[in-house]
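Please work from the sequences and hints to get the whole structure.
If you read the sequences in order, they're chains A and B. Using our numbering, the letters of the first sequence map in sequence onto residues 251 to 491. Using our numbering, the letters of the second sequence map in sequence onto residues 251 to 491.
Calculated from the structure, these hints are not laboratory results. Be careful, since some hints might not be right.
Said to hold, decoys possible - Over the 10 Å line for every Cβ pair with chain B, so calculated as not near, a few chain A residues:
{"#": "1", "residue": "285"}
{"#": "2", "residue": "348"}
{"#": "3", "residue": "352"}
{"#": "4", "residue": "410"}
{"#": "5", "residue": "477"}
{"#": "6", "residue": "489"}
What the hints assert, rightly or not - Pairwise CB distance ranges, derived in the manner of DEER restraints:
{"#": "7", "chain 1": "B", "residue 1": "313", "chain 2": "A", "residue 2": "285", "range": "56 to 62 Å"}
{"#": "8", "chain 1": "A", "residue 1": "400", "chain 2": "B", "residue 2": "421", "range": "39 to 45 Å"}
{"#": "9", "chain 1": "A", "residue 1": "367", "chain 2": "B", "residue 2": "407", "range": "32 to 38 Å"}
{"#": "10", "chain 1": "A", "residue 1": "267", "chain 2": "B", "residue 2": "357", "range": "20 to 26 Å"}
Even glycine gets a Cβ: it sits at the ideal position worked out from N, Cα and C.
2 protein chains.
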Amino acid sequence: MKQAKVRLYVEHPLGQGQSVPLERDQAHYLFGVMRMGVGDPVLLFNGVDGEWRCAVAEAGKRGGVLVCEEQTKPLQMPPDLWLMFAPIKKARTDFIVEKAAEMGAAKIMPVQTAFTNSERIRQDRLQAHAVEAAEQCGGTFVPEVRDLQKLERVLAEWPEDRQLMFCDEAEVGSAKRLGAAEGGKWAILIGPEGGFSEAERAKLHAHPQAHVVALGPRILRADTAAVAAMTLWQQALGDWA
Amino acid sequence: MKQAKVRLYVEHPLGQGQSVPLERDQAHYLFGVMRMGVGDPVLLFNGVDGEWRCAVAEAGKRGGVLVCEEQTKPLQMPPDLWLMFAPIKKARTDFIVEKAAEMGAAKIMPVQTAFTNSERIRQDRLQAHAVEAAEQCGGTFVPEVRDLQKLERVLAEWPEDRQLMFCDEAEVGSAKRLGAAEGGKWAILIGPEGGFSEAERAKLHAHPQAHVVALGPRILRADTAAVAAMTLWQQALGDWA
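Here is the structure:
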């Protein structure tokens with residue numbers, strides 16, 4: 251059996267014998283760029299039905315059809331982990347979203363803090379990055395990227411049953427660790443490049459569900475901090491444990 | 251006392267009362283871009299003498315002089331950790347070097363594996379990225395970036411007293427963890443995008459100092475894997491412990 255070289259996300263139900271129509275740019279990629287033809291295998295996932303080995307049934311310049319042959323992976327949900335971060339320069343924001351999808355966040359929440367420069371984000375572009383990262387990393391789930399929200403408001407509406415791992419840059423070098431926390435619903439909050447304001451820090455330190463954590467003795471950029479924090483969490487409480 | 255807004259790496263001795271001449275582009279940055287003048291504070295480090303608060307003594311378009319006033323940090327050496335990785339696309343290779351400096355690697359070693367595309371790297375450019383990362387992250391040490399070496403040769407000359415954390419992509423989803431290893435001299439090896447060859451994997455699995463480690467259930471890109479692996483190591487055996 252030929253091995254599938256391409257793995258694509260589609261917004262269409264997948265199941266035994268299911269036909270899946272292709273969008274124009276996916277058809278262009280498969281048949282134009284990758285030079286595939288009828289019978290060639292492609293892996294599809296939709297974030298719900300797991301991963302399916304499909305075969306090309308029709309190949310055209312503007313479209314095509316794949317047919318699902320065999321489920322190759324069940325849906326693997328990541329833990330119920332939100333990644334909250336303050337958007338930074340474009341390339342690094344893209345990286346954070348990509349990393350969050352690879353590392354297994356369930357939801358990605360850009361938040362506006364006192365020292366966040368960005369007033370808005372391109373949610374659609376960031377969502378596309380999350381899809382691409384899921385295609386690359388072999389995941390069967392795509393985390394939702396939310397629109398930009400004010401941190402203040404997110405904290406005001408904080409759900410009672412969700413813990414918060416607060417990576418406080420001002421704690422650099424301290425011994426604050428995740429410790430003997432329990433799993434379940436969590437969020438990780440990474441600070442903006444300029445740190446949090448004193449008012450924000452006070453509110454976060456006083457937050458009943460917050461766990462203040464130091465990420466080693468050096469100051470990390472936000473994208474590095476995101477990966478490091480998710481590694482610690484996944485290893486202690488998530489699906490790396 | 252005015253707070254220093256700029257932190258620079260210099261290749262010059264630092265010590266009480268020491269004068270430090272500036273290079274042309276550093277002078278341009280301080281006096282042209284940042285509009286600093288005589289008396290303004292700047293933080294300097296050279297990877298050896300810790301971090302010093304200096305004051306501008308002479309400011310010119312093509313040069314200038316700073317004078318060291320007070321040591322603000324002693325030299326903080328990272329643990330004796332090498333980061334070995336197979337160079338990938340330019341931007342991601344730059345990121346790996348930056349991340350390695352932030353996360354506290356002592357030496358950064360690009361290695362050529364069977365499936366590495368790059369035949370050469372720009373060592374000087376990568377070293378400059380390591381310097382910039384050290385300037386940003388508040389570190390007082392700059393890891394050396396070595397020139398590209400063949401993995402085969404590095405393994406053939408492997409020092410007997412150094413352990414090797416081998417992050418094997420083929421182990422994704424397995425329970426292989428760093429476990430109860432001892433600290434001391436270590437290296438982390440991250441695979442290339444295409445994975446290791448069967449011959450390389452066999453050699454690495456048979457290596458007496460190798461510890462095979464899985465980085466969770468999803469396939470990580472090389473730059474993500476580098477940060478995740480350094481996080482696990484620093485937390486278990488390094489200066490995050």
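Comparing the hints with the structure gives:
1. The beta carbon of residue 285/A sits about 20 Å from the closest Cβ of chain B, which is more than 10 Å, so the claim that it is off the interface holds.
2. For residue 348/A, the shortest C-beta to C-beta distance to chain B comes to about 8 Å, within the 10 Å cut-off, and the non-interface label is violated.
3. Once the 10 Å rule is applied to beta carbons, residue 352/A is inconsistent with being away from chain B; the minimum gap is 5 Å.
4. Interface exclusion of residue 410/A from chain B stands, the closest Cβ pair being 29 Å apart, more than 10 Å.
5. Against the 10 Å criterion, residue 477/A falls within the reach of chain B, whose nearest CB is about 4 Å from its own CB.
6. With a closest Cβ-Cβ approach of about 6 Å to chain B, residue 489/A is found to fall inside the 10 Å limit, against its non-interface label.
7. A hinted range of 56 to 62 Å holds for the C-beta pair residue 313/B and residue 285/A, which are about 58 Å apart.
8. In this structure the hint that residue 400/A and residue 421/B lie 39 to 45 Å apart at CB holds, the actual value being about 42 Å.
9. Distance hint check: the CB atoms of residue 367/A and residue 407/B are about 48 Å apart, inconsistent with the given range 32 to 38 Å.
10. The supplied range of 20 to 26 Å is broken by residue 267/A and residue 357/B, whose beta-carbon atoms lie about 55 Å from each other.
Of the numbered hints listed earlier, those contradicted by the structure are 2, 3, 5, 6, 9 and 10.
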